[in-house]
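K.L.:
Listed below are the residues making up each chain.
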Amino acid sequence: MDAKKIDRLATTILYLIAGIIVIILASLLGYILVRGLPHISWHFLTAPSQSFKAGGGIGIQLFNSLYLLVLSMLISVPLALGAGIYLAEYARENKLTEIIRTAIEILSSLPSVVVGLFGFLVFVLQFGFGFSILSGALALTMFNLPLLTRNVEDSLRQVSFDQREAGLALGLSRWETVIHVIIPEALPGIITGMILGAGRVFGEAAALIYTAGQSAPALDFTNWNPLNIASPLNPLRPAETLAVHIWKINSEGIQPDAAAVSAGASAVLILAVLLFNVLARVIGNRIYKKMTAA
Amino acid sequence: MAKKELVITSRDVHLSYGDFEALKGISLNFKKNQITALIGPSGCGKSTYLRLLNRMNDLIPNVHISGEIKVDGQDIYASGEDVVALRKKVGMVFQQPNPFPFSIYENVIYGLRLAGVKDRATLDQAVETSLKQAAIWDEVKDKLHESALSLSGGQQQRVCIARVLAVQPEVILLDEPTSALDPISSTQIENMLLELRDRYTIIIVTHNMQQASRISDETAFFLAGKVIEMDDTKKIFLNPKEKETEDYISGRFG
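Listed in order, the protein sequences are those of chains R and H.
Using my numbering, the first residue of the first sequence is number 1, and each one after it goes up by one.
Using my numbering, the first residue of the second sequence is number 295, and each one after it goes up by one.
Just so you know, not all the hints are guaranteed correct.
DEER-style ranges, computed between Cβ atoms [claimed, not checked]:
#, chain 1, residue 1, chain 2, residue 2, range
1, R, Leu274, H, Asp352, 27 to 37 Å
2, H, Ala518, R, Asn285, 45 to 55 Å
3, R, Leu14, H, Gly410, 47 to 57 Å
These are calculated hints, taken from the structure and not from any lab test.
Here a beta-carbon is modelled for each residue, glycine too, at the ideal position from N, C-alpha and C.
Throw the hints in and build the complete structure from the sequences for me.
P.N.:
Here you go:
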């Protein structure tokens with residue numbers, strides 16, 4: 001065969017593979033949405049769940065998922081930024097740095113159920129946080145931090161060395177160069193990584209089963225005192241999330257409408273992740289434009 | 295030529311990367327308000343030497359430096375020397391134009407703004423003065439708030455020069471500033487440098503011998519980590535003392 005034919009063949013095969021992936025993704029999404037969307041109503045989104053009767057909603061689980069997401073991002077984003085900046089800009093290439101990198105690599109490939117059990121032993125039992133949002137948020141941080149750190153480091157490294165030289169040669173200190181030149185340029189990459197991280201956290205179940213717990217006690221949405229046990233903001237209350245709820249309904253749900261609740265909840269989960277992606281991208285672009293006057 | 299004050303002096307400067315000795319004892323002096331060109335074949339150490347003068351080599355690991363370099367009589371490698379202050383005094387322009395991905399205006403005032411200057415009028419004035427000195431004001435005055443990346447390479451390089459001028463350095467180091475640019479842009483930058491000579495001390499590394507002969511007052515010829523010869527540019531090009539210089543200039547190698 002001549003080069004032209006091989007080229008055409010290779011192109012066709014690549015298109016085919018890409019097409020298959022798109023079809024799989026689209027049918028998966030379509031299946032979940034088609035099955036789930038009819039069950040979504042205002043009542044479904046806001047009502048508490050039912051353990052034995054039909055007609056339960058996912059209001060509390062949805063809130064729990066969002067709250068847990070915010071809390072774990074509040075903990076992990078600053079840590080990831082610090083670690084990523086250190087690794088990309090300050091760490092010397094030596095044994096210690098290598099060990100840190102390897103550790104991050106290993107941590108990032110830990111199965112989430114192992115992270116969950118670790119969280120159970122350390123945060124739930126040892127630290128005495130119990131099954132709580134705090135334990136869950138810390139476990140999710142363990143789970144998310146390595147990937148976020150890698151992402152921050154990679155995004156910073158992608159900024160050309162020229163830019164560092166330009167900053168330093170202008171009489172900026174190293175820190176000023178990092179904060180005012182390198183980070184603004186790396187921001188779109190960092191934000192994209194954060195979105196993906198948020199998506200992972202939002203959909204995570206295994207790491208939360210043993211840390212945030214599997215029960216969703218009723219919440220008083222008029223009580224915003226975080227110290228009160230019925231307050232939605234209380235970080236020490238147990239909190240079943242949407243993903244855990246889906247897992248639980250499917251494994252041991254005895255509600256008559258379990259299948260419908262599960263389908264509806266899955267659709268909501270997918271929609272929420274999609275929504276995050278879109279929102280965060282819009283916000284990221286806007287910040288970047290503002291910072292770079294592009 | 296009347297005797298001019300020395301701004302930078304260096305004595306027996308050695309630099310090695312690991313086991314490789316890139317500079318083997320360089321002693322050069324640079325006079326105030328003139329343009330000095332550093333020429334020589336690739337890998338001869340001229341850029342390495344230039345980057346010693348504002349300590350840009352500090353960024354590279356495993357570099358060992360010895361000898362003495364003084365700027366305004368002060369040893370810049372003395373312990374406790376303020377590198378940030380040094381780089382404000384000795385600005386640098388690189389081979390590849392490297393504007394920040396901000397607006398032209400922001401690029402020029404970046405150094406000032408971070409130094410704490412907030413007054414709008416002062417900043418506006420600095421932008422206009424620096425861009426005029428860099429001979430690009432007329433081209434960009436109507437689009438100061440557009441991204442510097444939207445400019446051509448030659449314009450970007452002049453914005454980079456304006457950015458350095460805005461912090462009012464004494465010395466400007468240029469590391470092959472026109473090698474990535476077209477001939478017209480190069481000429482514009484050469485003319486601009488000739489204008490700037492009255493106010494700044496300029497040291498330029500160049501591969502382009504015509505450029506060195508057109509704009510510099512003195513020329514130093516580097517070869518394999520050593521300075522073979524430094525003299526008035528005219529003498530170097532018309533009547534070099536050393537055989538190697540003559541060979542290089544007449545294009546026999548390099």
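K.L.:
Indicate whether the distance between the beta carbons of Ala518/H and Asn285/R respects the range 45 to 55 Å.
P.N.:
Check passed, 51 Å falls within 45 to 55 Å.
K.L.:
Go ahead and decide if the range 47 to 57 Å is satisfied by the Cβ distance of Leu14/R to Gly410/H.
P.N.:
55 Å, holds
K.L.:
Verify the CB-CB distance for Leu274/R and Asp352/H against the hinted window 27 to 37 Å.
P.N.:
47 Å, violated
This entry does not satisfy hint 1, going by the numbered hints stated previously; all others are met.
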